[in-house]
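Peer 1: This is what each chain is made of:
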Amino acid sequence: MTGGGQEKKRRSGTLNVPAIVGFGKAAEIAKRDMPFESPRLETLGGCLWKRISREIEDVTLNGPAGNRLPGNLNVTFSHVEGEALLMALRETAALSTGSACASGTVRGSYVLRALGVPEEEAHSSLRFGLGRGNTEEHVDRVAGHLARAVRRLREISPFVQEARPA
Amino acid sequence: MSWNVVDYGAIVLDHYENPRNVGEIEEADAVATVGNPACGDLMKLSLRVREGAVAEARFKTFGCGAAIAASSMTTVLIQGRKLQDLEKITNLSVAEALGGLPPSKVHCSVLAEEAIREALADYRRRAGLRGPVESSGAHAAIGARDKGEMGV
Chain A
587 MTGGGQEKKR RSGTLNVPAI VGFGKAAEIA KRDMPFESPR LETLGGCLWK RISREIEDVT
647 LNGPAGNRLP GNLNVTFSHV EGEALLMALR ETAALSTGSA CASGTVRGSY VLRALGVPEE
707 EAHSSLRFGL GRGNTEEHVD RVAGHLARAV RRLREISPFV QEARPA
Chain B
50 MSWNVVDYGA IVLDHYENPR NVGEIEEADA VATVGNPACG DLMKLSLRVR EGAVAEARFK
110 TFGCGAAIAA SSMTTVLIQG RKLQDLEKIT NLSVAEALGG LPPSKVHCSV LAEEAIREAL
170 ADYRRRAGLR GPVESSGAHA AIGARDKGEM GV
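Residue numbers (our numbering), protein chains in the order written: chain A, 587 to 752; chain B, 50 to 201.
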């Protein structure tokens, strides 16, 4: 037998049949719902960005505003480190920094760097992925928590000048 | 992901949520800036020194939750301590005081130690002292400087 050589070489691989069937079904549903789910997610993503950019200063949307995966947002929150922000939202949303920091390297997301985002700004970015289960209520809650967390973390940030003496 | 919020202990979470001694001391007696924002970590530590001891310590940090917690804990550990005692505070002291850090976050405590070392070096540079603050002569000099120049 050729292949991965699993189970003491008795198999070349273990195929997860239920998962294969499930994935096929999921693809079928995704294709069926795409005509209305895509525009819905696009609108929802637009709502999230609108709220973020309205409520938080010094934010940048990475990538084009319109021509992107529906429901995907990658946002730079200047002067705030992405993982710290992630931690503030740990009970609100499941997000990622999109950076390789988590795997032990110190470099920011190579995708953002390829887009011309400076390294330190790449460390200040979060990736939001909205999906089928998300609603406007979720967007509201995340935007509200984000605004509070960014404000708090900027008070700690050495890149933000204090308004009053320490 | 090699870390998770659940990897953080209660003390880390507390110092992240409620960081102690945030800020910058105006006309500080020692200032240290360590780390590199391009690597996702930058810590600024400023000290007010009175009579050879840290009268006040403040920090500002750009970094992950563990970096913020380590910075906060550092200010707590060094405040009120004699300068020569700061030499004994290492990254392990900071990590221990935080109740431990996940392996991928130990570098945050290293950053804190670097800040202490750099602040001490900066203090000595300003005071015109050389080497570790060990001899009683050096202490006397520090004390004299505090009273003389800082107008205590």
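Each hint should be verified, as a subset may be incorrect.
As the list claims (entries may be wrong) - Label pairs and their calculated CB-CB ranges:
| hint | chain 1 | residue 1 | chain 2 | residue 2 | range |
| --- | --- | --- | --- | --- | --- |
| 1 | A | Ala700 | B | Lys137 | 39 to 47 Å |
| 2 | B | Thr82 | A | Thr646 | 23 to 31 Å |
| 3 | B | Gly129 | A | Gly649 | 47 to 55 Å |
| 4 | A | Ala613 | B | Thr139 | 48 to 56 Å |
| 5 | A | Asp619 | B | Leu141 | 32 to 40 Å |
| 6 | A | Ile606 | B | Leu141 | 29 to 37 Å |
| 7 | A | Asp644 | B | Arg175 | 31 to 39 Å |
| 8 | B | Glu145 | A | Ala733 | 45 to 53 Å |
Hints were generated in silico from the structure; no laboratory data involved. Beta carbons: idealized from backbone N, C-alpha and C, even for Gly.
Peer 1: For each hint, tell me whether it holds in the structure or not.
Peer 2: How the hints compare with the structure:
1. Hint check: Ala700 (chain A) to Lys137 (chain B), Cβ distance near 45 Å, so the stated range 39 to 47 Å holds.
2. For the pair Thr82 (chain B) and Thr646 (chain A), the supplied restraint of 23 to 31 Å holds, since their beta-carbon distance comes to about 25 Å.
3. Taking the beta carbon of each, Gly129 (chain B) and Gly649 (chain A) are about 50 Å apart, inside 47 to 55 Å as hinted.
4. Our hint of 48 to 56 Å for Ala613 (chain A) and Thr139 (chain B) holds, since their Cβ atoms are close to 54 Å apart.
5. Range check, Asp619 (chain A) to Leu141 (chain B): about 54 Å between beta-carbon atoms, so the 32 to 40 Å window is missed.
6. At about 49 Å, the CB distance of Ile606 (chain A) to Leu141 (chain B) disagrees with the hint of 29 to 37 Å.
7. Checked against the given bound of 31 to 39 Å, the beta carbons of Asp644 (chain A) and Arg175 (chain B), roughly 34 Å apart, stay inside it.
8. Hint check: Glu145 (chain B) to Ala733 (chain A), Cβ distance near 35 Å, so the stated range 45 to 53 Å is violated.
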